[in-house]
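K.L.:
Residues per chain, in single letters:
2 protein chains.
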Amino acid sequence: MGSSRVRVAVDAMGGDHAPAEIVGGAIKAQQELDVEILLVGDPQQIEACLAQHPTAPKMEIVPAEGVIEMTEDPVPALRKKPKASINVAMKLVKQGKADAVVSAGHSGAAMAAALLRLGRLPGIDRPAIGAVFPTMVQGQPVLVLDVGANVDCRPKYLEQFALMGTVYAQYVLGSEQPRVGLLNIGEEPNKGNELAIQTHELLQANERIPFTGNCEGRDVLSGDFDVVVCDGFAGNILLKFAEAVGGILLQILKEELPRGKRGKLGVTVLKHNLRRIRSRVDHAEHGGALLLGVAGVCIIGHGSSDAETMCSAVRSAQEAVENQVLDRIKESLPALSPS
Amino acid sequence: MGSSRVRVAVDAMGGDHAPAEIVGGAIKAQQELDVEILLVGDPQQIEACLAQHPTAPKMEIVPAEGVIEMTEDPVPALRKKPKASINVAMKLVKQGKADAVVSAGHSGAAMAAALLRLGRLPGIDRPAIGAVFPTMVQGQPVLVLDVGANVDCRPKYLEQFALMGTVYAQYVLGSEQPRVGLLNIGEEPNKGNELAIQTHELLQANERIPFTGNCEGRDVLSGDFDVVVCDGFAGNILLKFAEAVGGILLQILKEELPRGKRGKLGVTVLKHNLRRIRSRVDHAEHGGALLLGVAGVCIIGHGSSDAETMCSAVRSAQEAVENQVLDRIKESLPALSPS
Numbered sequence: 144m145g146s147s148r149v150r151v152a153v154d155a156m157g158g159d160h161a162p163a164e165i166v167g168g169a170i171k172a173q174q175e176l177d178v179e180i181l182l183v184g185d186p187q188q189i190e191a192c193l194a195q196h197p198t199a200p201k202m203e204i205v206p207a208e209g210v211i212e213m214t215e216d217p218v219p220a221l222r223k224k225p226k227a228s229i230n231v232a233m234k235l236v237k238q239g240k241a242d243a244v245v246s247a248g249h250s251g252a253a254m255a256a257a258l259l260r261l262g263r264l265p266g267i268d269r270p271a272i273g274a275v276f277p278t279m280v281q282g283q284p285v286l287v288l289d290v291g292a293n294v295d296c297r298p299k300y301l302e303q304f305a306l307m308g309t310v311y312a313q314y315v316l317g318s319e320q321p322r323v324g325l326l327n328i329g330e331e332p333n334k335g336n337e338l339a340i341q342t343h344e345l346l347q348a349n350e351r352i353p354f355t356g357n358c359e360g361r362d363v364l365s366g367d368f369d370v371v372v373c374d375g376f377a378g379n380i381l382l383k384f385a386e387a388v389g390g391i392l393l394q395i396l397k398e399e400l401p402r403g404k405r406g407k408l409g410v411t412v413l414k415h416n417l418r419r420i421r422s423r424v425d426h427a428e429h430g431g432a433l434l435l436g437v438a439g440v441c442i443i444g445h446g447s448s449d450a451e452t453m454c455s456a457v458r459s460a461q462e463a464v465e466n467q468v469l470d471r472i473k474e475s476l477p478a479l480s481p482s
Numbered sequence: 144m145g146s147s148r149v150r151v152a153v154d155a156m157g158g159d160h161a162p163a164e165i166v167g168g169a170i171k172a173q174q175e176l177d178v179e180i181l182l183v184g185d186p187q188q189i190e191a192c193l194a195q196h197p198t199a200p201k202m203e204i205v206p207a208e209g210v211i212e213m214t215e216d217p218v219p220a221l222r223k224k225p226k227a228s229i230n231v232a233m234k235l236v237k238q239g240k241a242d243a244v245v246s247a248g249h250s251g252a253a254m255a256a257a258l259l260r261l262g263r264l265p266g267i268d269r270p271a272i273g274a275v276f277p278t279m280v281q282g283q284p285v286l287v288l289d290v291g292a293n294v295d296c297r298p299k300y301l302e303q304f305a306l307m308g309t310v311y312a313q314y315v316l317g318s319e320q321p322r323v324g325l326l327n328i329g330e331e332p333n334k335g336n337e338l339a340i341q342t343h344e345l346l347q348a349n350e351r352i353p354f355t356g357n358c359e360g361r362d363v364l365s366g367d368f369d370v371v372v373c374d375g376f377a378g379n380i381l382l383k384f385a386e387a388v389g390g391i392l393l394q395i396l397k398e399e400l401p402r403g404k405r406g407k408l409g410v411t412v413l414k415h416n417l418r419r420i421r422s423r424v425d426h427a428e429h430g431g432a433l434l435l436g437v438a439g440v441c442i443i444g445h446g447s448s449d450a451e452t453m454c455s456a457v458r459s460a461q462e463a464v465e466n467q468v469l470d471r472i473k474e475s476l477p478a479l480s481p482s
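Read top to bottom, the protein sequences are chains F and S.
Residues in the first sequence are numbered consecutively from 144, following this note's numbering.
Residues in the second sequence are numbered consecutively from 144, following this note's numbering.
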């Protein structure tokens, strides 16, 4: 321990642009945030990346061997490669040497490694991946979970997601009175598929969950909800669609704005405002997905993470640790329906 | 019969802005398209709307009494109100007095009325609602189905949707070799929930369906697919999310572009280009959802339809009739797996 700074184990080998961008992001985080980074991976490769940043602060390197490839089946691969970077990073948390893990590698492997090395929280059947989206209302994000960990869900899983999401919204996103919605295709309680109808009843009955009703596709980004629960199939479709749509809009702007002489002039004049638009639409500034329900703080970065995104992911980890989100979730678990 | 023009029965009483906007759309359609409109609803109200358009062409009014309200349970309401506008419109198709129905009213009621009055096509277990989205590639839309009729689906329903979608893409959207995708959360055949995994096998095995693999959320608007099948829960979430996102993006542009002196100048200079952007992003120009699998051509307009949208919906109906999409679907049905 010694230092009171949050210590984040960064999986330097995971992600499409690893290790260069990951190390770059770690440096940025160490410079900008009050955190201590542990870089987990192949020391030689990490050293080579660090050498590109001569003014970078000193960072501890924790040696690991190999990485779980995107094409590998997570559980057998994790067993076959006990020294893989994600395994080593999780062990650092288990041993109390780090407070959180950040990885932009194989998300299924990160989830499986967290389950194998850290285990589930008591009362949680399935951990969920939560993603934070910006909404129409600036400064008021919405947490959507699950966005991909559990494709076939039971109602009680969604109740667990709702409870964990409530705590996260309260203590990390700063919603004093979070409004929890159930992703559904209509407003009425009897709308939706079997899962939604049964989940609606559970959420309605749980006093610890500030359930405000169904959230239709059109309401997700309205700012009317702080937490939206759904199964990992619907959530993943939504997440990936949302990510793509931002890119499509920017593409349409790029194609249509500069058309003609007036277009070229207008674009020059609006340069600054267009940059603001890009940053509001672009997903890159938002910091990774959270793994909720395991006995440790884990942030899963996008596979295509660059240094900027990685730094945001480290910030998410720091916020979760500083706000003691894990303890808060543990305290709330007795409110769950019996399994 | 007599005339070779397509005859479209328009439910004048259905929709948030009925009957004024619906009648307005019908007039626009009759003026711009080579169709014959039958206005179904309360004659007095329709006459009053027509009186607002003194130069409008003459249109036949088919009297109906009452409308299915948004809050009503469709099937009992349809039985209780046999003369409701949607019932009368469907009967016109059944009796051969109209070639298609267009309604912006209660979509569940339109679907139920089609089932009650027209029936299903042989071999189709469940009709689907299909929505056409613009993609990244201009002039190359994608048909997503089901977007809300069937919240809990079996694999064979999705196979049926895929076959109907293929025919629609070929004969109405003009895709010579449609590429059919299965909405899913990963590219590999073993990814997804139970429904997706089993549907993947059926689609792969059906030679009549040009299945090209899984379509992730990020791929829906890529232009890589002409048809995307999914259950009505995921599809409805996607549809409503997409509709809302267009509005949010326009809102961001509206907020950010005119900021500062340079912003105001730039917006003035770019006026024309911004209008092009609005029309590419805005959903209003796209013409209603299709009800596929019933024994008649039915187009379901958005509840908030205005005259513009209604006119597009009539155009969709016209295209479906002129391209004999119903006969083409019937011809293709023997290609389905046995029930």
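Keep in mind the hints are simulated off the structure, nothing from the lab.
Some clues are possibly wrong.
[What the hints assert, rightly or not] In the SDA-like style, the derived pairs of lysine to any residue whose C-alpha atoms are separated by at most 20 angstroms in a straight line are:
#1 299(F) with 295(S)
#2 473(S) with 295(S)
#3 397(F) with 473(S)
#4 383(F) with 212(S)
#5 383(S) with 280(F)
#6 334(F) with 212(S)
#7 383(F) with 473(S)
[Said to hold, decoys possible] Cβ-Cβ distance ranges computed for the label pairs, FRET-style:
#8 329(F) with 196(S): 47 to 55 angstroms
#9 351(F) with 340(S): 33 to 41 angstroms
#10 203(S) with 350(F): 26 to 34 angstroms
#11 415(S) with 465(F): 49 to 57 angstroms
#12 408(S) with 263(F): 54 to 62 angstroms
[Said to hold, decoys possible] Computed footprint of chain S on chain F, listed as stretches where at least three residues anywhere in the stretch have a Cβ under 8 angstroms from a Cβ of chain S:
#13 357 to 367
#14 469 to 480
Given the structure is predicted, the values throughout are model-derived calculations rather than measurements.
All C-beta atoms, glycine included, are put in the ideal place defined by N, C-alpha and C.
K.L.:
At the C-beta level, are residue 351(F) and residue 340(S) separated by a distance inside 33 to 41 angstroms?
P.N.:
holds, 35 angstroms
K.L.:
Residue 383(S) and residue 280(F) were given as a pair; does the straight-line alpha-carbon distance stay at or below 20 angstroms?
P.N.:
Satisfied, since the Cα-Cα distance of roughly 19 angstroms is no more than 20 angstroms.
K.L.:
Verify the proposed pairing of residue 383(F) with residue 473(S), using a straight-line Cα cut of 20 angstroms.
P.N.:
Given pair residue 383(F), residue 473(S) is violated - Cα atoms ~35 angstroms apart, limit 20 angstroms.
K.L.:
Is it true that the CA of residue 299(F) sits at most 20 angstroms from the CA of residue 295(S)?
P.N.:
holds, 19 angstroms
K.L.:
Can the restraint linking residue 473(S) and residue 295(S) be considered satisfied, given a maximum Cα separation of 20 angstroms?
P.N.:
violated, 24 angstroms
K.L.:
Given the hint that residue 383(F) pairs with residue 212(S), does the C-alpha gap stay at or below 20 angstroms?
P.N.:
violated, 35 angstroms
K.L.:
Using the C-beta atoms of residue 408(S) and residue 263(F), is the stated range 54 to 62 angstroms upheld?
P.N.:
holds, 58 angstroms
K.L.:
How does the coverage statement for the stretch 469 to 480 of chain F fare against chain S, requiring three or more residues with Cβ below 8 angstroms from a Cβ of that chain?
P.N.:
violated (count 0)
K.L.:
A range of 49 to 57 angstroms was offered for this pair. Does it hold for the Cβ distance of residue 415(S) and residue 465(F)?
P.N.:
holds, 50 angstroms
K.L.:
Establish whether the coverage given for the stretch 357 to 367 of chain F by chain S is satisfied; the threshold is a Cβ-Cβ distance below 8 angstroms, and no fewer than three residues must meet it.
P.N.:
Held - the stretch 357 to 367 of chain F has 7 residues with a Cβ nearer than 8 angstroms to chain S, which meets the minimum of three.
K.L.:
For the pair supplied as a hint, residue 397(F) and residue 473(S), confirm whether the alpha-carbon distance does not exceed 20 angstroms.
P.N.:
violated, 44 angstroms
K.L.:
Given the hint of 47 to 55 angstroms, check if residue 329(F) and residue 196(S) actually sit that far apart at their C-beta atoms.
P.N.:
violated, 35 angstroms
Hint compliance for this structure: hints 2, 3, 4, 7, 8, 10 and 14 are broken, all remaining hints hold.
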